[in-house]
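Each chain, letter by letter, is given below.
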Amino acid sequence: MKGWQQYWRQFSLFALLALVLTGCGKDELSALKPSGPVAAMQFDLMKLSSAIMIGVFIVVMAIFTYVLIRYRKRPGQQGIPKQVEGNHALEILWTVIPFLLLIIMAIPTVTTGFALHKEYPKEEAVQVKVTAHQFWWEFEYPDLGVASAQDLVLPVGKKVQFVLSASDVKHAFWIPALGGKIDTNPGQENKMWLQADKAGIYYGKCAELCGASHALMDFKVEVKEQADFDTWVANMKGVQAKEPVTATSPLAAEGQQIFDKSCLGCHAVAGKGGKMGPNLTNFADRERVAGIKAHTPENIAEWLKDPQKIKPGNKMPNLNLDDNQVKALVEYMETLSVSEKK
Amino acid sequence: MSAHASHAPNRSGLWDYLTTVDHKKIAILYLIAGGIFFLAGGLEALLIRLQLMYPEIELVGAKTFNELITMHGTTMIFLAVMPIIFALMNAIVPLQIGARDVAFPFVNALGFWLFFFGGVLLNTSWFLGGAPDAGWTSYTTLALNQYSGRGVDFYVLGLQIAGLGTLIGGINFLVTIINMRAPGMTFMRMPMFTWTSFITSGLILFAFPAITVGLVLLMFDRLFGGNFFNPDAGGNVVIWEHLFWIFGHPEVYILILPAFGVISEVVSTFSRKRLFGYSSMVFATALIGFLGFMVWAHHMFTTGLGAIANTLFGLATMLIAVPTGIKIFNWLLTMWGGQIRFPTANLFAVGFIPTFTIGGMTGVMLAVPPADYQYHDSYFVVAHFHYVIVGGLVFGLFSGLYYWWPKMFGKMLNETIGKWNFWTFFIGFHLTFFPQHFLGLMGMPRRVFTYLKDQNLDMGNFISTIGAFGMTIGTILFVINVVVAAKSSKRAPADPWDGRSLEWAIPSPPPEYNFVQTPLVRGLDALWVEKMAGNKGMTPAEPIGDIHMPSPSFLPFLMSLGLFVAGYGFIYHNYVVVVIGILATLSCMFTRSVKDDPGYHIHEDELEEKGVKA
Numbered sequence: 016m017k018g019w020q021q022y023w024r025q026f027s028l029f030a031l032l033a034l035v036l037t038g039c040g041k042d043e044l045s046a047l048k049p050s051g052p053v054a055a056m057q058f059d060l061m062k063l064s065s066a067i068m069i070g071v072f073i074v075v076m077a078i079f080t081y082v083l084i085r086y087r088k089r090p091g092q093q094g095i096p097k098q099v100e101g102n103h104a105l106e107i108l109w110t111v112i113p114f115l116l117l118i119i120m121a122i123p124t125v126t127t128g129f130a131l132h133k134e135y136p137k138e139e140a141v142q143v144k145v146t147a148h149q150f151w152w153e154f155e156y157p158d159l160g161v162a163s164a165q166d167l168v169l170p171v172g173k174k175v176q177f178v179l180s181a182s183d184v185k186h187a188f189w190i191p192a193l194g195g196k197i198d199t200n201p202g203q204e205n206k207m208w209l210q211a212d213k214a215g216i217y218y219g220k221c222a223e224l225c226g227a228s229h230a231l232m233d234f235k236v237e238v239k240e241q242a243d244f245d246t247w248v249a250n251m252k253g254v255q256a257k258e259p260v261t262a263t264s265p266l267a268a269e270g271q272q273i274f275d276k277s278c279l280g281c282h283a284v285a286g287k288g289g290k291m292g293p294n295l296t297n298f299a300d301r302e303r304v305a306g307i308k309a310h311t312p313e314n315i316a317e318w319l320k321d322p323q324k325i326k327p328g329n330k331m332p333n334l335n336l337d338d339n340q341v342k343a344l345v346e347y348m349e350t351l352s353v354s355e356k357k
Numbered sequence: 044m045s046a047h048a049s050h051a052p053n054r055s056g057l058w059d060y061l062t063t064v065d066h067k068k069i070a071i072l073y074l075i076a077g078g079i080f081f082l083a084g085g086l087e088a089l090l091i092r093l094q095l096m097y098p099e100i101e102l103v104g105a106k107t108f109n110e111l112i113t114m115h116g117t118t119m120i121f122l123a124v125m126p127i128i129f130a131l132m133n134a135i136v137p138l139q140i141g142a143r144d145v146a147f148p149f150v151n152a153l154g155f156w157l158f159f160f161g162g163v164l165l166n167t168s169w170f171l172g173g174a175p176d177a178g179w180t181s182y183t184t185l186a187l188n189q190y191s192g193r194g195v196d197f198y199v200l201g202l203q204i205a206g207l208g209t210l211i212g213g214i215n216f217l218v219t220i221i222n223m224r225a226p227g228m229t230f231m232r233m234p235m236f237t238w239t240s241f242i243t244s245g246l247i248l249f250a251f252p253a254i255t256v257g258l259v260l261l262m263f264d265r266l267f268g269g270n271f272f273n274p275d276a277g278g279n280v281v282i283w284e285h286l287f288w289i290f291g292h293p294e295v296y297i298l299i300l301p302a303f304g305v306i307s308e309v310v311s312t313f314s315r316k317r318l319f320g321y322s323s324m325v326f327a328t329a330l331i332g333f334l335g336f337m338v339w340a341h342h343m344f345t346t347g348l349g350a351i352a353n354t355l356f357g358l359a360t361m362l363i364a365v366p367t368g369i370k371i372f373n374w375l376l377t378m379w380g381g382q383i384r385f386p387t388a389n390l391f392a393v394g395f396i397p398t399f400t401i402g403g404m405t406g407v408m409l410a411v412p413p414a415d416y417q418y419h420d421s422y423f424v425v426a427h428f429h430y431v432i433v434g435g436l437v438f439g440l441f442s443g444l445y446y447w448w449p450k451m452f453g454k455m456l457n458e459t460i461g462k463w464n465f466w467t468f469f470i471g472f473h474l475t476f477f478p479q480h481f482l483g484l485m486g487m488p489r490r491v492f493t494y495l496k497d498q499n500l501d502m503g504n505f506i507s508t509i510g511a512f513g514m515t516i517g518t519i520l521f522v523i524n525v526v527v528a529a530k531s532s533k534r535a536p537a538d539p540w541d542g543r544s545l546e547w548a549i550p551s552p553p554p555e556y557n558f559v560q561t562p563l564v565r566g567l568d569a570l571w572v573e574k575m576a577g578n579k580g581m582t583p584a585e586p587i588g589d590i591h592m593p594s595p596s597f598l599p600f601l602m603s604l605g606l607f608v609a610g611y612g613f614i615y616h617n618y619v620v621v622v623i624g625i626l627a628t629l630s631c632m633f634t635r636s637v638k639d640d641p642g643y644h645i646h647e648d649e650l651e652e653k654g655v656k657a
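Quick note, the sequences are listed as chains A and B, same order. The first sequence begins at 16 in the working numbering and counts up by one. The second sequence begins at 44 in the working numbering and counts up by one.
In case anyone wonders, no lab produced these hints; they're calculated from the structure. Fair warning: this is a prediction, and the values are worked out from it, not measured in the lab. Heads up, a few of these hints could be off.
With a straight-line cut-off of 27 angstroms between C-alpha atoms, the simulated DSSO-like cross-links for lysine-lysine are [what the hints assert, rightly or not]:
#: 1; chain 1: A; residue 1: K308; chain 2: B; residue 2: K462
#: 2; chain 1: A; residue 1: K257; chain 2: A; residue 2: K174
#: 3; chain 1: A; residue 1: K257; chain 2: A; residue 2: K342
#: 4; chain 1: A; residue 1: K48; chain 2: A; residue 2: K62
#: 5; chain 1: A; residue 1: K144; chain 2: A; residue 2: K62
#: 6; chain 1: A; residue 1: K290; chain 2: A; residue 2: K342
#: 7; chain 1: A; residue 1: K97; chain 2: B; residue 2: K579
#: 8; chain 1: A; residue 1: K48; chain 2: B; residue 2: K496
#: 9; chain 1: A; residue 1: K88; chain 2: B; residue 2: K106
#: 10; chain 1: A; residue 1: K342; chain 2: A; residue 2: K276
#: 11; chain 1: B; residue 1: K638; chain 2: A; residue 2: K239
#: 12; chain 1: A; residue 1: K144; chain 2: A; residue 2: K290
#: 13; chain 1: B; residue 1: K454; chain 2: B; residue 2: K638
#: 14; chain 1: A; residue 1: K235; chain 2: B; residue 2: K106
#: 15; chain 1: A; residue 1: K62; chain 2: A; residue 2: K88
#: 16; chain 1: A; residue 1: K330; chain 2: B; residue 2: K574
#: 17; chain 1: B; residue 1: K496; chain 2: A; residue 2: K213
#: 18; chain 1: A; residue 1: K235; chain 2: A; residue 2: K252
#: 19; chain 1: A; residue 1: K252; chain 2: A; residue 2: K48
#: 20; chain 1: B; residue 1: K454; chain 2: A; residue 2: K88
#: 21; chain 1: B; residue 1: K106; chain 2: A; residue 2: K330
#: 22; chain 1: A; residue 1: K144; chain 2: A; residue 2: K133
#: 23; chain 1: B; residue 1: K533; chain 2: B; residue 2: K454
#: 24; chain 1: A; residue 1: K97; chain 2: B; residue 2: K574
#: 25; chain 1: A; residue 1: K235; chain 2: A; residue 2: K324
#: 26; chain 1: A; residue 1: K88; chain 2: B; residue 2: K579
#: 27; chain 1: A; residue 1: K276; chain 2: A; residue 2: K206
#: 28; chain 1: A; residue 1: K235; chain 2: B; residue 2: K496
#: 29; chain 1: A; residue 1: K41; chain 2: B; residue 2: K496
#: 30; chain 1: B; residue 1: K533; chain 2: A; residue 2: K324
#: 31; chain 1: A; residue 1: K48; chain 2: A; residue 2: K174
#: 32; chain 1: A; residue 1: K235; chain 2: A; residue 2: K144
#: 33; chain 1: A; residue 1: K320; chain 2: B; residue 2: K106
#: 34; chain 1: B; residue 1: K496; chain 2: A; residue 2: K88
#: 35; chain 1: A; residue 1: K137; chain 2: A; residue 2: K88
#: 36; chain 1: A; residue 1: K320; chain 2: B; residue 2: K496
#: 37; chain 1: A; residue 1: K324; chain 2: B; residue 2: K496
#: 38; chain 1: B; residue 1: K574; chain 2: A; residue 2: K308
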């Protein structure tokens, strides 16, 4: 029994250490660093409920610790403890108090619940149609006439009304720093609104098991100032109305040939191409390759050589390209940009 | 040959166990099978944690990882903790109510063999082209043919067969507890473990048909091209979720209630006090069981049911905190003023209290739908349900095993190893799952086979994996303890803990007829009442005489084997095999129906101990 308290001390130290060392996570990813009203409301509820629960826990632990120390059987203890049947007053007390605590939690639960489920028409919010695929995200802006994939671009400080669905299996759309998730059900539509209060890049994830590469079904949320957002929409629109631009360098031209032959069947670029795979119109502007890898020519090349190696189970076939073809394709794809910077 | 065989059939060894209908031997079968599956599920868990020890490592790969998580969840819930609960129920409930057997001994054996063969069928998928990989919830459409392999067929057929076993097991215990109680054992004098087993059996009766229906529909979708869950053909994926959770939520209470029962017994015995607030405990148990059926949609807050449904299910879920709170405080007050001893059984029971409280608290937090949109399908949920199921149920089962081991096997488990077992498991457990609350809030979804380097998720995952080693060591120590106990020659006394309920009134292990004479029960904690009255043992309610016993039978084994064979027929679309299997089962049922088997008698002079004149 002597080692008992020591273990506890070590354990609580460990737990504390675990907390401190892990910090509160990466700002762009963590639900503990809300960057918009939805995440903030949810964080408030978390704080309220955990405060009440920690209060209850402290009471339980106080009684627990007292009882364990005070009523341990001591050597030479005689007689039999009093057999207590119960105590109505006490039993009512610990029925009523939790009830009251629950009511305190229930009120904001109801109000926030309904606030989060409000639907905003297009006059008040940017409308975005999200379609989840194994293992990528498709974003359409029906009112703005543009479509994108993997990088969700949003204006700062404005409500965004999402309409979500899935094309194959169930996924879940989650941007922790902006707000909680909602499932994308095949054959049905769900709605949710979010808002980002700070420009920047946030991390989004798929939260529902959706197959082999579920862990890799990440996306980025690029929140821009309103003016930048408008420019982006205008540029996207301009490009998407046209044929794909003809490549500038000879290497890129070679890449474009390969692309037109092998890739356009599934991938749209500008106003041309299929919808099986992600829309690549603004590929060169993307934060990440395949949603997860740093945007570098090496990573693009690696993907092209063996897509299954980076995202197992995805639907892109291995095109068996040689090194030169890959190089040419990378060169061409890096020209697929709608921003002026490139 | 007369209608009644006049002597006990002479069977031994393996054949004895293959044909037994004795609830105590069936308990041991459940324990062995459940234990083996527990080790398998634990190994799967360890591989999961190893894969997640560092970011972006390749240990098992994406597909195998999904198979591991699916099989870990399915195995632990259906094939490990569930049977170990049944092991304890089989070993103890008839003894606690003063019965000689369960109501339907043959059905009891059948229940075990169905579970066993279902579990074996499911696990053979590892060797036959891949385990199921759509998660233990097998959400459609991922679980349909287009998106997942044959493994899910093993899931569907394996769980169907095992589930049948559980269902008839539950019905058996309902009838046993209603009909087989000794004279004087009124409902309000039943020990808490029997009460919780009773309510759990009731939940099984109502919950399992839902999963049965769900599995049949999924089977039709997968095997015969049905379109119940295929949205392309007008099916609806959310219906599967409802069916699954209408079963799946009560299942959580099916699991935890018996653990509550164990804790009530252990805390009370080792405090040398009667359970505080017994009647409110019974009421709380019943209420938890009832509310358990009302809240299934809290697993589906993010499915898109809308604000009204979410709010109602959220508030209903919060309500469960009230009866659970009653239980926690009653346990604390049971210890209050007692003389608390700390053998391993009570260490686990005492360790259960704060751990389960944390699990319950995060449960209430999850019941707030708007906040749940952040928690759902994240590691926060993983942490929560492991606090409830490991911190609650597995602690409860360990406690129960240490407590009743002497009664079941007639040997004491070693206390020194037991204490090491507790501390390594307890510390390992908290180290594993406590950081996961934060991982979830920091943006880690559940069921991910890897996570990226630059997302601050490294430390929490690393600590979590280290903790998993602690739990592994604890489990190995338990296995060692079992071996040590089996090899020791010291026999356990009938009443090693100064017990309170009827099972401690008879020798350890009990003779096959349990009670020489059915006892007369004169109050709650029947044995304690007699002890306090200065009596040596229970007062008998009947004169000593011949005891009627059911005959052993090989039919339950064969009957289950038939379904097992038919299962493979379905999985491989070989309908000849299906017909052979089903015919085998049906002919066993026919044989059972027409063969007159009135059992046998153990004669007065064969009884091991002499009874008292009634």
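Now for the hints, and whether the structure bears them out:
1. Between K308 (chain A) and K462 (chain B) the alpha-carbon distance is near 48 angstroms, which puts this suggested pair outside the 27 angstroms criterion.
2. With a C-alpha separation of about 30 angstroms, the suggested pairing of K257 (chain A) with K174 (chain A) is violated against the 27 angstroms cut-off.
3. Using a Cα cut-off of 27 angstroms, the hinted pair K257 (chain A) and K342 (chain A) holds, with the two alpha carbons roughly 26 angstroms apart.
4. Proposed proximity of K48 (chain A) and K62 (chain A) is supported: the alpha carbons are some 12 angstroms apart, at most 27 angstroms.
5. Distance restraint check for K144 (chain A) and K62 (chain A): the Cα-Cα separation of roughly 32 angstroms exceeds the 27 angstroms cut-off, and the hinted pair is therefore not satisfied.
6. This hinted pair checks out: K290 (chain A) and K342 (chain A) have alpha carbons roughly 24 angstroms apart, not beyond 27 angstroms.
7. Restraint check for K97 (chain A) and K579 (chain B): satisfied, since their Cα atoms lie roughly 21 angstroms apart, inside the 27 angstroms limit.
8. Under the criterion of a C-alpha separation no larger than 27 angstroms, the hint pairing K48 (chain A) with K496 (chain B) is consistent with the structure, at around 19 angstroms.
9. A hinted pair counts as satisfied when its Cα atoms are at most 27 angstroms apart, and K88 (chain A) with K106 (chain B) does not qualify at roughly 53 angstroms.
10. For the hint linking K342 (chain A) to K276 (chain A), the alpha-carbon distance of about 16 angstroms falls within 27 angstroms, and the restraint holds.
11. Straight-line distance between C-alpha atoms of K638 (chain B) and K239 (chain A) comes to about 81 angstroms, which puts the hinted pair past the 27 angstroms bound.
12. Restraint check: the Cα-Cα separation between K144 (chain A) and K290 (chain A) comes to about 15 angstroms, which is no more than 27 angstroms; the hinted pair holds.
13. The straight-line distance between the Cα atoms of K454 (chain B) and K638 (chain B) is roughly 39 angstroms, outside the 27 angstroms bound, and the hint therefore fails.
14. Between K235 (chain A) and K106 (chain B) the CA atoms are separated by roughly 25 angstroms; this keeps the pair inside 27 angstroms, and the hint holds.
15. For the suggested pair K62 (chain A) and K88 (chain A), the alpha carbons sit about 40 angstroms apart, so the restraint of at most 27 angstroms is broken.
16. A distance of roughly 73 angstroms separates the Cα atoms of K330 (chain A) and K574 (chain B); the hinted pair therefore is violated under the 27 angstroms criterion.
17. Restraint check: the Cα-Cα separation between K496 (chain B) and K213 (chain A) comes to about 24 angstroms, which is no more than 27 angstroms; the hinted pair holds.
18. For the given pair, K235 (chain A) sits about 20 angstroms from K252 (chain A) by alpha-carbon distance, which is consistent with the 27 angstroms threshold.
19. Restraint check for K252 (chain A) and K48 (chain A): the C-alpha separation of about 34 angstroms exceeds 27 angstroms, so the hint is violated.
20. A threshold of 27 angstroms between alpha carbons decides the hint, and for K454 (chain B) with K88 (chain A) the separation of about 25 angstroms falls inside it, so the pair holds.
21. Taking the CA atoms of K106 (chain B) and K330 (chain A), the gap is near 15 angstroms; set against the 27 angstroms cutoff, the hint holds.
22. Between K144 (chain A) and K133 (chain A), the direct Cα distance comes to roughly 17 angstroms. Compliance with the 27 angstroms bound is thereby established for this hinted pair.
23. Annotation: proposed proximity of K533 (chain B) to K454 (chain B) holds, straight-line Cα distance about 7 angstroms (limit 27 angstroms).
24. Between K97 (chain A) and K574 (chain B) the CA atoms are separated by roughly 15 angstroms; this keeps the pair inside 27 angstroms, and the hint holds.
25. Taking the CA atoms of K235 (chain A) and K324 (chain A), the gap is about 21 angstroms. The hint holds against a cut of 27 angstroms.
26. The straight-line distance between the Cα atoms of K88 (chain A) and K579 (chain B) is roughly 25 angstroms, inside the 27 angstroms bound, and the hint therefore holds.
27. Taking the CA atoms of K276 (chain A) and K206 (chain A), the gap is about 38 angstroms. The hint is violated against a cut of 27 angstroms.
28. Proximity of K235 (chain A) to K496 (chain B) is assessed by CA-CA distance (about 16 angstroms); at most 27 angstroms being required, the pair is judged to hold.
29. About 11 angstroms separates the Cα atoms of K41 (chain A) and K496 (chain B), which keeps this hinted pair within 27 angstroms; it holds.
30. Between K533 (chain B) and K324 (chain A), the direct Cα distance comes to roughly 59 angstroms. Violation of the 27 angstroms bound is thereby established for this hinted pair.
31. At most 27 angstroms may separate the alpha-carbon atoms for a hinted pair to count; K48 (chain A) and K174 (chain A) meet this at roughly 19 angstroms.
32. Proximity of K235 (chain A) to K144 (chain A) is assessed by CA-CA distance (about 16 angstroms); at most 27 angstroms being required, the pair is judged to hold.
33. Taken as a hint, the K320 (chain A) and K106 (chain B) pair is honoured in the structure, with Cα atoms around 21 angstroms apart against an allowance of 27 angstroms.
34. A C-alpha spacing of about 52 angstroms is found between K496 (chain B) and K88 (chain A), which places the hinted pair above 27 angstroms, so the restraint is violated.
35. About 71 angstroms separates the Cα atoms of K137 (chain A) and K88 (chain A), which puts this hinted pair outside 27 angstroms; it is violated.
36. Simply put, K320 (chain A) and K496 (chain B) have alpha-carbon atoms about 23 angstroms apart, close enough for the 27 angstroms limit, and the pair holds.
37. With a C-alpha separation of about 18 angstroms, the suggested pair K324 (chain A) and K496 (chain B) falls inside the 27 angstroms cut-off, and the hint holds.
38. Proposed proximity of K574 (chain B) and K308 (chain A) is contradicted: the alpha carbons are some 72 angstroms apart, above 27 angstroms.
Checked against the numbered hints listed earlier, the structure breaks hints 1, 2, 5, 9, 11, 13, 15, 16, 19, 27, 30, 34, 35, 38; every other hint is satisfied.
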